[in-house]
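Asks: Please model the complete structure; the sequences and the hints are all you need to start from.
2 protein chains.
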Amino acid sequence: MKQLYDIAALRAEIGPVKWEDNPILVRQKSRDFYWYSPVLKRELEAVTADVVVTPSSEEEVRTVLKAAYKLGIPVTPRGAGTGNYGQAMPLMGGVLLNLAEMNKIRSIELGRVVCEPGALLINIDKAAEASGQELRMFPSTRGTASIGGFVAGGSGGVGSITWGGLRDFGNVLRLNVMTLEAEPRTLELKGADLHKAVHAYGTNGIIVEVEAPLTAHYDWVDLIVGFDKFDAATAYALALGEQDGILKKLITVVEGPAPHDYFLRHRALIPEGASVVILMIAPHALDAFEAFTRAYKEARILLDSSKASPETLAGLPPNYELTWNHTTLRGLRVDPSVTYLQVRYPNDGGLEAVKRIHERYGPEVLGHLEVIRFNGRIAFAGLPLVKFTTEARLQEIIAGHESEGAMIFNPHRYSLEEGGMKQTDAIQLAFKRETDPKGLLNPGKMIAWENPDFDYSAGRNFLFPGLEARARAAQG
Amino acid sequence: MKQLYDIAALRAEIGPVKWEDNPILVRQKSRDFYWYSPVLKRELEAVTADVVVTPSSEEEVRTVLKAAYKLGIPVTPRGAGTGNYGQAMPLMGGVLLNLAEMNKIRSIELGRVVCEPGALLINIDKAAEASGQELRMFPSTRGTASIGGFVAGGSGGVGSITWGGLRDFGNVLRLNVMTLEAEPRTLELKGADLHKAVHAYGTNGIIVEVEAPLTAHYDWVDLIVGFDKFDAATAYALALGEQDGILKKLITVVEGPAPHDYFLRHRALIPEGASVVILMIAPHALDAFEAFTRAYKEARILLDSSKASPETLAGLPPNYELTWNHTTLRGLRVDPSVTYLQVRYPNDGGLEAVKRIHERYGPEVLGHLEVIRFNGRIAFAGLPLVKFTTEARLQEIIAGHESEGAMIFNPHRYSLEEGGMKQTDAIQLAFKRETDPKGLLNPGKMIAWENPDFDYSAGRNFLFPGLEARARAAQG
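Protein sequences appear in the order of chains A and B. So the number in this note's numbering is just where the residue sits in the first sequence, counting from 1, plus 24. So the number in this note's numbering is just where the residue sits in the second sequence, counting from 1, plus 24.
It should be emphasised that the hints constitute simulated quantities derived from the structure, not laboratory data. One or more hints might be untrue.
Copies of one chain are not kept apart here, so a pair can be met inside one copy or by any two copies together.
[Unchecked claim] With a Cα cut of at most 20 Å, we get these calculated EDC-like pairs of lysine to aspartate or glutamate:
| hint | residue 1 | residue 2 |
| --- | --- | --- |
| 1 | Lys214 | Asp311 |
| 2 | Lys331 | Asp243 |
| 3 | Lys331 | Asp372 |
| 4 | Lys65 | Asp359 |
Replies: Below you can see the structure in the form of structure tokens.
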């Protein structure tokens, strides 16, 4: 395999920084959960870096970025590789900058934690617990995901029912971001400036420090409420979301028969065909929760971790590992043809839109809703489970959702724009001009940089030319 | 003055329970802030109990209630007397049951406080602070109000922007309520049963213990943001309310010229004529708050307690004492013709309703909005400052609000129903049948008990016959 870059020179430049160029290990670290998408699986299968570099300090990051700039070698940052859209996959090869060992938790104060980007979310929560605190939100991959990866590649998750999304003001307090220049600088981003780097996939700077808000820690109670009908489950979930006094961290709806069929370790608890609402409720809100739930005659409490026997609980993963992207994962494990979408149902009439869409597709698209706060409202996001047949059919289903007033954040695309708002993010683009003049950071992910004239309305995917060039070079 | 009741026999029955029958002191304790309303001032001026009884334990409460039942003497409970609608005023005289000395804080755990009804809100917060906690919500009278009075006579307040109202599931965890029967019983109310006694003015039981939820304590920063125009202030306040990631405890809007004219100790900070948004923001949300606010070109930060000099702060009351019913109080102190309404603007189009109503009335009705969470939505409640002329004109203004789709919770009425939903609360009525068979608890406040056939649609006030009978008897 021909190398596009002078990797040997890089090694000489960066000296003692930890280095791994065994192709099997490099390939392993060059992947995330992109294979949830059959489209990305096809497109990104061959992607691999030339080398994995693992700095253990900000100074080592600086050394690597300085050398990469000098030698013109791409750098793609990676947290724990738990993304689903190839966020951390190095489309042009080069350096995979593995930040997993920059995992120090520097300080915990009232309302705040300061840490390095590779700190795992679960470890931050463990450390914060001593002060009675925890992170506001985490993805279902909490156990393995890093905070830097979450901020750079995620959008929200467990906790968004209370706090909204990562990009909302206040949900990240500060990022220190290093530029890829002749003399890399560390820029401190706060307030409105955070938008420059939150959910930018590391295309415009390497996050070297994160300050995140903390909230009160509770021993959240896992509950699963079963319903015969998906509609009844969605109505209940929305109404519970709108209960301002019932403190909760998670409200997820999964349509039957997925829960019984896919949640294998919960199978004995969930009747065949049942739709479920998966919850995390604060212990002191349980009485109120039960009183609220009692008014729903169809609701049956299938699991209550505050009352279940240790034997029952011993075999079960935490509730949040049934939700968000873990729902898809559990589906995929049972039925490899399962894939998914990411949907924002309309704010007004969300219940009806959900109903119409799921009546339209039946078992081809099983409902999976996440109840979140969005601009002050309780709203439905969704990661429906799609029975994949062809890419053309997937496109039809996406168009069908859009025709019902839903927005699709397409998880079958690796670019920021196609997975997002399908338009240039002028702030992130301007920041990239400032931080990455040579365009070496995570190349191919920001369409606005690669192809400013890309026409989103033409209905064609963005194909990063570098990806093909790289593939050809690798073969040549 | 002729006595309707055998007060001497009562004294003999209750033995050592603290007793006060000096008419001047009894009259003092028989009042609340009913005089905010010129209507209530006229109607309730003569109201006084026969005796103030001050139990110091649940056992002493039991002794009093047992004796009152035996002798047929009315009992009206009082917390700290900070209500505004005569909630704690003994329309039929009899016993004023002063619960101020039942003020023990029994336990504080994660998420919960258990205390006696007379515990002051500020003392609960002080005690909870050691565990890093505080109450979810309090009225602007936090410094003097008791928790029992708040639960029995209030509806929400500072904190409702996050948690909704007192009657929402989860905002009170448990009430122990004593009945007025031959053998008084203590009933434990939880979950849906709490509705029986929350905001029932003590008409159907004496609250002898309260369990309330706690949340994380922060050293809230007081901010005042000024605007030339009320409309700009309301739009900003609503948008800030909808920022899910910016942690806040209070968002209040007061229309100019009230802030400069009525907030005397803040006068130097507030330009003449300015409308203001009064805020309590968590310290770790300040950067996000400032970034959000910077986008509003008309917004000027007039006070930021995290940056103000000690000299500036020394003279100022806390922000919450400019809000909720304290806004009215500050108006009244400057202009005795000021009174108020209590309004819920429509959920959809609240901004426009506020605009239309205030354009319609101009300076006769100055806007005072409280941004709250209501059924999961950010919404406007209001306590507009009304320049009082006649009761007929006040009625016209109320009708005008209603014609714009706003709901009025009439603070110029002493009955539960007229100040509330203008309909029988079947649950509270049924509970009164169970707890107070002789109808001796806070008589005259529950229309459904006194006059089940009362016609709310006829547009006439409820006049409690007992009030007049009592007045006549007192004179006879």
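Asks: Work down the list of hints and note, for each, if the structure agrees.
Replies: Here's how the hints hold up against the structure:
1. With identical chains, the CA atoms of lysine 214 and aspartate 311 are at most 20 Å apart between copies only, with a shortest distance of 7 Å across copies and 40 Å within one.
2. With identical chains, the CA atoms of lysine 331 and aspartate 243 are at most 20 Å apart within one copy only, with a shortest distance of 13 Å there and 36 Å across copies.
3. Neither within a single protomer nor between protomers do lysine 331 and aspartate 372 lie at most 20 Å apart by alpha-carbon distance, with minima of 37 Å and 41 Å respectively.
4. Only within a single protomer do lysine 65 and aspartate 359 lie at most 20 Å apart by alpha-carbon distance; the minimum there is 16 Å, versus 73 Å between protomers.
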